[in-house]
Every structure is written in C-alpha cells, then in structure tokens.
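Trainee: Taken in sequence, the protein lines are chains H and S.
So the mapping is simple: my numbering equals the position in the first sequence, first residue as 1, plus 587.
So the mapping is simple: my numbering equals the position in the second sequence, first residue as 1, plus 587.
Hints were generated in silico from the structure; no laboratory data involved.
Think of the CB as a built atom: it goes at the ideal place given N, C-alpha and C, for glycine as much as any other residue.
Any given hint might turn out to be false.
A few chain S positions that, by computed beta-carbon distances, are all more than 12 Å from chain H [stated by the list, open to error]:
no.: 1; residue: E702
no.: 2; residue: A770
no.: 3; residue: G780
no.: 4; residue: V851
no.: 5; residue: L880
List of simulated lysine-lysine pairs, DSS-like, C-alpha gap at most 25 Å [unchecked claim]:
no.: 6; chain 1: S; residue 1: K889; chain 2: S; residue 2: K907
no.: 7; chain 1: S; residue 1: K889; chain 2: H; residue 2: K889
no.: 8; chain 1: S; residue 1: K828; chain 2: H; residue 2: K889
no.: 9; chain 1: H; residue 1: K828; chain 2: H; residue 2: K889
no.: 10; chain 1: H; residue 1: K638; chain 2: H; residue 2: K907
no.: 11; chain 1: S; residue 1: K889; chain 2: H; residue 2: K828
no.: 12; chain 1: S; residue 1: K907; chain 2: H; residue 2: K697
no.: 13; chain 1: S; residue 1: K828; chain 2: S; residue 2: K889
no.: 14; chain 1: H; residue 1: K907; chain 2: H; residue 2: K889
no.: 15; chain 1: S; residue 1: K697; chain 2: H; residue 2: K907
no.: 16; chain 1: S; residue 1: K638; chain 2: S; residue 2: K828
Partial chain S-side listing against chain H, Cβ under 7 Å, derived [claimed, not checked]:
no.: 17; residue: I673
no.: 18; residue: L729
no.: 19; residue: T845
no.: 20; residue: S848
no.: 21; residue: I856
no.: 22; residue: S905
There are 2 protein chains.
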Amino acid sequence: MLISDLDTPALVIDMDVMERNLTRVSDYAREHQLRLRPHTKTHKIPALARKQLHLGAAGLTVAKVGEAEVMLDAEPDDILVAFPVIGPAKLQRLMTVAELTRITVALDSKEALAELSEAASQFGRSIGVLIEMDVGLGRVGLEPGPAILEFARAIEACPCVTFEGLTFYPGHIRHMDHGATAALQAVSELVNGAVQLLETNGFEVRVVSGGSTPTLFHSHEVTRLNEIRPGTYIFNDRNTKDLGACSLEDCAATIMATVVSTTVRDQIIIDGGSKTFSSDRAASGEASFGLVLDAPDAHFAKMNEEHGFIDIRGAGRSFKVGERVHVLPNHVCVAMNLHEQVYGIRGNQVEQVWRVDARGKLQ
Amino acid sequence: MLISDLDTPALVIDMDVMERNLTRVSDYAREHQLRLRPHTKTHKIPALARKQLHLGAAGLTVAKVGEAEVMLDAEPDDILVAFPVIGPAKLQRLMTVAELTRITVALDSKEALAELSEAASQFGRSIGVLIEMDVGLGRVGLEPGPAILEFARAIEACPCVTFEGLTFYPGHIRHMDHGATAALQAVSELVNGAVQLLETNGFEVRVVSGGSTPTLFHSHEVTRLNEIRPGTYIFNDRNTKDLGACSLEDCAATIMATVVSTTVRDQIIIDGGSKTFSSDRAASGEASFGLVLDAPDAHFAKMNEEHGFIDIRGAGRSFKVGERVHVLPNHVCVAMNLHEQVYGIRGNQVEQVWRVDARGKLQ
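The task is simple: from the sequences and hints, build the whole structure.
Mentor: Written as structure tokens, this is what we have:
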C-alpha cells in the first residue's frame, strides 16, 4: 500500500527515522553504562516495545496498570509502573501482572506503600519499590533529605516489598539552552546527597532512575544515575524540537490531514482538530497546534474537535480542497492516544499497520 | 454495583439529570415546531442516540463517516454528516451507510460536491445536500448572498444529489449575556435573507438547520429556522455552565478521580490529566481544567498526561491519598472521546455501563 492510499487523518511514522532514534539512545545508554527502561506511554504499541527490548532495553516503563497489562505482549523481564497504584482493583490487576514479570512501583506515600504491601502479601508476590523524589518539578515525590531515609525504612518494615532505589523526573528543566546546565548540576547534587544519605544508613541503592526528554543526552552528567526511562525519543515531536532536544530530521511521527474547506479568506480548514492532535499547546505556551510541514510559515492557530484552523497568510502558497497537508504534532504521546491505529512508512510505502493497544488505558 | 465500587478515573453520568436534559430540549423543540437532529459527537453512544430518537428526535447528526457507521445501531431514519466528506475511501463507506438510512451532507465547496455526486451516481444512491453557510464564526461555509444561490444551482446541476436547504453554526455567539441578542438578530437576518434569495429564484428550502449550545433555547427567535442539532445539552459541562447556558444542576457528567500524591504543599495530584479530561481550557481561555465539585474554590491549574495538579490553597479543606474527588470537565465531548466506557448512575448505584463506540472515529 502507498501512503497516498491512506485515508486521513492518519498518523504516520517514518520507520527509518524511528529506527535511527531508537539506535541513538540505545547506543548512548550502552556507552555510558546506563540501564535503559523506555517509557512506553509515547508509542503505546507492544511491537515497538519489543523493538526497544531487542535493542538492549533492560525493561519497560508504564504509567498505568492497564498499560502494563498490554505491554506483557512484548515479554519484558521487568516493568516499572512510574505512578502510584492506589486502590484494591488496580492492585489486584497488578498482582496478576506480577505473576508474569518482575514489577517495580514508584511511590511517595505511606498510604500507597501500605496498600501495595498488603496486596503483595495477600497474593504472595514480591514487588520492588523506587522512592519517588521531587528534584524541582513540584509534581509528586518526597523532598530529598530525611523524608527519603524515613520512607526507605518504612519500605524495609513492610512485608513483600523491597527497597530498590530512587526515581525522579526533572521535568522543570525544559530547554537545554537556558541555564539548564546549572539546573542539572543542582539535580545531580540532590540525587547524590540522597544516595549518600541512604548508603550511610546501610541501604543499598541499586537503582537510580531519572531523566527526561530534554535532558536525555546529559543523563551521564548526573552523579550516581544508572537508569534512564525516556519515552518521546522514539518519535520526537514539535515540542521536543522547539525545546532544542532534537532536530526536525529526528521527528518520525506526522499527522496527514486533508483540506476540507477554503471559504474563509487566508484560512484553510483541515479534517483534524483536538480529537486528532489533542489540544496541547506549543512548548512556548502559544496557541499553535502543530507545525505544517508543507508550509512552515502557516500558523495552525485554532482547533475545534474536528476542524483544524490554519492561517495561511504567511504560507506563501495556496491550498485546494482535497489537498493533503502534513503536520508535526506538538505532543506525540497524547496524539498517539487519540488514534486507533497508526502507520509505519518507509519512502512512499506503508510497511506496517499498528493498533495502538495501550491507548485509553486510564486505569 | 455501587459507585464506590468503580475504579478511577471514571466518567460517570447522572441519569436523572441526563433524562431531564433530554426531555427539556425535546419539549422545547416540540413546542416551537423545530425538528430535532441531535449531534451525537457529545455522547458517541448508540444507546443514547436511541433514547434521543425515542424522545422525538427526527434524525441524528454526526461529524464523521465512522460515527455514522456506529450510529446505524440506533436505527435512525436519517443521518446528517455535518462535515464535508472528501476522498474516495470515505465516500465509498458513506454510500454503504446510505443503503441503510437516508444521508444528508453539509457542504461548502464545488470540489466536495462533485466528488459526492460522482460517488452517489456510481453507487446508485440519492444524497441530500445542505449548503453550509458562514454566519460569523469564520470556520467553514459560504457567505450568505450570491455564493449560496450559485451553489444551489450547482447542486441542482449534479446527478444523484438533492438540494435540501441551509445549515449554519453560530459558534461565534459564546455567552448569552454579552450582546448575544443583537448577534442572534444579525444571524437571523442573514438566514432570512439567504432563504428569501433562494426562494425568489425558485428553490424550495425544506431544511434550515442551525443553532449551538449557548443559543439553544433562543433557536425559535431565528427566522425560518426549522431544525436544531444540539449535542452538549445531553450532559452539559463546565463551559456550558460558565457560558450561562445551563446551571450546575444540569451538568450530568462528572469525572471521578483519586488523590495519588500530596507531597507538595498546597497541592494534590489526582490520577487523571490530559489523557482523562483533554487539555481543553476553560471557556474563558484560562488554564483551568475542570471544576472540583468537592472543593469549588480549589484550582485545577495544570496537567500532564496522567497527573492533574490541583492547587488547594482556596479549598478550605485538606485531602488524603486514596480519597476520591469529582471533577466537572470543561468540555465533555472531548472527554467522552478519551474513555473506553462510561457509567450511568442513579443515586449511588451504577445502572449502566456504556462502551463509547464512536470514540476515536477520526475518519
């Protein structure tokens, strides 16, 4: 099948670019002896998780139990659930997953720890725990310092759970050009301090898991870090590019759309809006919903659910109803979540049709 | 099953409120002799479309062919595809749907008209056409005036398509308090002028289809309007309420979430973010992602895919990990699209589990 045979809107993935992205990070991790546990929330496709494992990933990362269930298809040795698992329904499902692969959970509360330990005891499982640490984002995580030590002791005191180490997400470092070196140095000091405090008190810190997409290739600069869990790197997106973490040539995923109306002067409407791209804004905060590759100076200015409004005043060209446009989405993870299936392309050929099996796994 | 037995995040629909909303609009349409053709993009569930038809809806509205395919389950006499259907793949599928129910399409371009007529001829179908008219939103549609007449003549000249009338969406009228009466009066004049121009030139304008959620109960004030196709009214949402088009008591759909982290001062994190609520902002444009019903003065200030950040400084109360919160989503249509299934509740009982069959139908 040719790309031109696909109906729109369609999310297409350039497999050459994707494979280059996968190899680059796999090589980087190997070179710096970092364990690679990719976050599968970006692609949500077991076949792609399998590719990551074949290239040397030591395990997988997920956000939800439902994603872990789907990712079992990739037969990972190990899954990290990088989100607190709360409540009996999810914990019971997690214990079923834990029968089939090793499970580690990132936690920051004694409530979640107690529930996890109880479920693990009840089902006779052993679950690893990473302590979630807040290194500056202010989202989840304990403050580096005495709270970490206290929590490690609490884990040690609970049956059927094992303290494995620390995890953090430096999501506050957005752009590698803007004072990021100093910010990353500060993170490194916090991490190092927390590890030392734990070791001084007799804890073995086997895993120090961290990093983010913008800081990815600086991960080796963080003292004691031994595991990375990037997600977006497989495809990259407009925000990754705008934040300086990749180039346009590294962006593998594009949404192909059709011009459906041109009646309003200086504007075209395409057959995809917030249901196709998501309403995530540009990294700058600007109401700009994707980069139109056919006319980079056009402005994807507004969206309704099914309508994308593209201001073509800067485009330097006109468009006709029925013509196709190719848009680099702002945020590929949420875009993937909106598509039932996506297409792997090489040249002008459609080589793969992938169902996005882990999309919509909210629980 | 009790609501408390549901895992989170879960989208729950208060069936008493929903039924009251359905009856109210059904009664309004009957009272004013307006044909009701509800837009199913809000609920995306054939069982709810069936309820609308039982309450007197004359047909259904959809945005995409994929939604029309799903909505055949509700056995409508008539489906309006309120979006230009472009390209052979979609047109072929539309012709299959047209074998089972009467199809009307809203169009604004000769390119789309030619394609539709050709497909209808090829498959031996007769398809109705409404001319899409721009009454001020600046999205799609022809300008009221000579362009409308010219397009009606073009339809008449094409085989297997029939001119049915006009359609418009006054989406530029957002808040019924702010100069909306004058704006609606202007719309009414445009519509009336267009109908008269067509009639003077010998066209019978059987359908004049229009309206929006904020203007819903003012539809009878638009001269010559004889059909409404509201969507959001079945559930309503925070934006409908904020725009003054319903009260809080009319909001039927709530997202139930769990507090998963409280480590950051004055903030709680819930287990749903942009993958659960969508990243659609409040109607005001403010970065506020839903109304926390348990603490209306808390501020749902930020989102990542799986994390909802709620600033609880104004909440006047604290929250514990594991506690549930109930959030009125900003925009229920896009929220529905993110959930595999939703729950119909009455009192504290779960009465229905509905699969959201038309979610993700992008084509």
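Trainee: Now look at each hint and say whether the structure bears it out.
Mentor: Verification of the supplied hints:
1. E702: Non-interface label on S:E702 violated, nearest chain H Cβ at 8 Å vs cutoff 12 Å.
2. A770: holds, 18 Å
3. G780: Consistent with the label, S:G780 stays out of reach of chain H, its closest Cβ about 18 Å off (over 12 Å).
4. V851: Violated, since 5 Å does not exceed 12 Å.
5. L880: holds, 19 Å
6. S:K889 - S:K907: holds, 19 Å
7. S:K889 - H:K889: Holds. S:K889 to H:K889 sits at ~20 Å (cutoff 25 Å).
8. S:K828 - H:K889: Distance ~22 Å between S:K828 and H:K889 Cα, so the pair holds.
9. H:K828 - H:K889: The given pair, whose Cα atoms are some 21 Å apart, holds under the 25 Å limit.
10. H:K638 - H:K907: The hint is violated at about 40 Å.
11. S:K889 - H:K828: Satisfied, since the Cα-Cα distance of roughly 22 Å is no more than 25 Å.
12. S:K907 - H:K697: Given that 25 Å is the threshold and the Cα spacing comes to 11 Å, the pair holds.
13. S:K828 - S:K889: holds, 21 Å
14. H:K907 - H:K889: holds, 19 Å
15. S:K697 - H:K907: Roughly 11 Å separates the two Cα atoms, so the pair holds.
16. S:K638 - S:K828: Given pair S:K638, S:K828 holds - Cα atoms ~23 Å apart, limit 25 Å.
17. I673: holds, 5 Å
18. L729: holds, 6 Å
19. T845: Holds - the Cβ of S:T845 comes within 7 Å of chain H, reaching about 5 Å at its closest.
20. S848: holds, 4 Å
21. I856: Given a least distance of 6 Å, the restraint on S:I856 holds.
22. S905: With Cβ-Cβ at 14 Å, over 7 Å, it is violated.
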